[in-house]
Amino acid sequence: MYSFEVERPTSVADAAAALGKDEAQALGGGQTLIPTLKQRLASPSVLVSLAGIADIKGVSVDGGTVTIGGGTTHGVVAAEAGAYPALAALAGNIGDPAVRNRGTIGGSLANNDPSACYPSAALASGATIVTNSREIAADDYFQGLFETALEEGEIVISVKFPIPEAASYQKFEQPASRFALVGVYVAKFADGVRVAVTGASEGGVYRWSEAEAALSGNFSADALDGLTVSGDDMISDLHGSGDYRAHLVKVMTKRAVAAAS
Amino acid sequence: MSDKMHIKLTVNGEDKEFLAEPRDLLIYALREKLNITGPHVGCDTSHCGACTVTLNGKSVKSCTMFVAQANGAEITTIEGIGSPDALHVLQESFKEHHGLQCGFCTPGMITRATKLLEENPTPTEEEVRFGMAGNICRCTGYQNIVKSILAAASEINSAKEAAE
Chain A
1 MYSFEVERPT
11 SVADAAAALG
21 KDEAQALGGG
31 QTLIPTLKQR
41 LASPSVLVSL
51 AGIADIKGVS
61 VDGGTVTIGG
71 GTTHGVVAAE
81 AGAYPALAAL
91 AGNIGDPAVR
101 NRGTIGGSLA
111 NNDPSACYPS
121 AALASGATIV
131 TNSREIAADD
141 YFQGLFETAL
151 EEGEIVISVK
161 FPIPEAASYQ
171 KFEQPASRFA
181 LVGVYVAKFA
191 DGVRVAVTGA
201 SEGGVYRWSE
211 AEAALSGNFS
221 ADALDGLTVS
231 GDDMISDLHG
241 SGDYRAHLVK
251 VMTKRAVAAA
261 S
Chain B
1 MSDKMHIKLT
11 VNGEDKEFLA
21 EPRDLLIYAL
31 REKLNITGPH
41 VGCDTSHCGA
51 CTVTLNGKSV
61 KSCTMFVAQA
71 NGAEITTIEG
81 IGSPDALHVL
91 QESFKEHHGL
101 QCGFCTPGMI
111 TRATKLLEEN
121 PTPTEEEVRF
131 GMAGNICRCT
141 GYQNIVKSIL
151 AAASEINSAK
161 EAAE
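Going down the list, the protein sequences come from chains A and B. Under UniProt numbering, the letters of the first sequence match residues 1 to 261, in that order. Under UniProt numbering, the letters of the second sequence match residues 1 to 164, in that order.
If you are wondering where the hints come from, they were derived from the structure by calculation, not from laboratory data. Honestly, I wouldn't trust all of these hints.
List time: in silico BS3-like cross-link candidates among lysine-lysine, alpha-carbon distance up to 27 Å [said to hold, decoys possible]:
#1 A:K57 / A:K21
#2 B:K8 / A:K38
#3 B:K58 / B:K16
#4 B:K8 / B:K58
#5 B:K115 / A:K57
#6 B:K58 / B:K33
#7 B:K115 / B:K8
#8 B:K8 / B:K33
#9 A:K38 / B:K16
#10 B:K160 / B:K58
#11 B:K58 / B:K115
#12 B:K160 / B:K147
#13 B:K147 / B:K95
#14 B:K16 / B:K4
#15 A:K38 / A:K21
#16 B:K115 / B:K16
#17 B:K33 / B:K115
#18 B:K33 / A:K38
#19 B:K58 / B:K147
#20 B:K58 / A:K38
#21 A:K21 / B:K4
#22 B:K58 / A:K57
#23 B:K95 / B:K58
#24 B:K4 / A:K38
#25 B:K95 / B:K115
#26 A:K57 / A:K160
#27 A:K57 / B:K8
Chain A with its partners taken away, still in its complex shape:
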């Protein structure tokens, strides 16, 4: 690792000020950033740990919305977001228990790994990402591989998830990393169905609009029978070809529809 300083602010305002320093980088649970630093793929001069900020931790439910603090670990979401069962189930199946005790939702969404689980939940749920300066709709937030609408120094304070009538996340796991080889999140709302796919596209998480249209008319796995998914723009690596991932997109979507509750 290259050398750096560490700051441990206890308020969002202090964190934002610290992130204003040259080459500063926010540190959530570190489950992605620390391996990245070890490989010398990042060289911040200052790491600003967000773990000491109590205001950005915790799960609350208000009417039809679950709000999760950006600094909340996956383990806490799994245990406390029972008002939105599909989301709690997703969090409880990220990585392994030790990773879930450290990794945070804010860290996952800020990093936007193309194979991470949480981006699909945020996108399919039509979540709102609340930062220290504004609110961003999930549809505007995800902008490609490791790219988001976050500006330099912007901190994910919380994520507001509208609770759907029914939802399910189905992950075809890459067994070594437990990231999604392909993961599909289906969320059925009164005004239509949203389907978000992670792990598959070279453009990162995306909405599968054909499936949304078919499922909004008929919410059953059979409604997807006539659809085809092209492997052209899919990730192709040693774990699976683009065509294989395209095949999995449809399979996992069907499974998610069948499992949605």
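Given chain A's structure and the hints, the job is docking chain B onto it.
Coordinates of chain B only, in the frame set by chain A:
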């Protein structure tokens, strides 16, 4: 080089104070500064779990955490779980059921298993495998590790029943 930070930890009930660089990992501080060598460096990439310790009551991989992030924390390592003269139930069970071969992963396995049995005192075999998913063993094929943990669970539960 960055300025050193003043770090305080409680490790296995003992207060420790020392200076560390911001980039020092928790596993490095435990092994190299405090001579607590039970937690091992296996993969150094957070996959294998040989470095698992308990931090403020939760299992973490000490290779994927800076010691600066642990400042003020209470940490339990395998050294705090049992001793050669007074083995923990899990240690006894791993011995009895041959839950190890080379033993390199065992400190992490047992440290994680202590928390697993607190989180879920009556796990099924499937729940043991899911709860131990972050700990990799290259020798045993896991069968006897799972057997050891299940046996320890029933031992602990029978002891509890007997006490009640």
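Verification of the supplied hints:
1. A:K57 / A:K21: This hinted pair holds, its Cα atoms lying about 24 Å apart.
2. B:K8 / A:K38: holds (24 Å)
3. B:K58 / B:K16: holds (20 Å)
4. B:K8 / B:K58: OK: K8 of chain B and K58 of chain B at ~18 Å, within 27 Å.
5. B:K115 / A:K57: holds (23 Å)
6. B:K58 / B:K33: holds (23 Å)
7. B:K115 / B:K8: holds (23 Å)
8. B:K8 / B:K33: holds (12 Å)
9. A:K38 / B:K16: Satisfied, since the Cα-Cα distance of roughly 26 Å is no more than 27 Å.
10. B:K160 / B:K58: holds (23 Å)
11. B:K58 / B:K115: holds (7 Å)
12. B:K160 / B:K147: holds (20 Å)
13. B:K147 / B:K95: holds (11 Å)
14. B:K16 / B:K4: holds (16 Å)
15. A:K38 / A:K21: holds (22 Å)
16. B:K115 / B:K16: Roughly 23 Å separates the two Cα atoms, so the pair holds.
17. B:K33 / B:K115: holds (26 Å)
18. B:K33 / A:K38: holds (20 Å)
19. B:K58 / B:K147: Distance ~23 Å between K58 of chain B and K147 of chain B Cα, so the pair holds.
20. B:K58 / A:K38: holds (24 Å)
21. A:K21 / B:K4: Holds, because 20 Å separates the two Cα atoms, which is no more than 27 Å.
22. B:K58 / A:K57: Holds. K58 of chain B to K57 of chain A sits at ~17 Å (cutoff 27 Å).
23. B:K95 / B:K58: holds (25 Å)
24. B:K4 / A:K38: Distance ~19 Å between K4 of chain B and K38 of chain A Cα, so the pair holds.
25. B:K95 / B:K115: Holds, at roughly 19 Å.
26. A:K57 / A:K160: Holds - the C-alpha atoms of K160 of chain A and K57 of chain A are around 13 Å apart, at most 27 Å.
27. A:K57 / B:K8: Holds, because 24 Å separates the two Cα atoms, which is no more than 27 Å.
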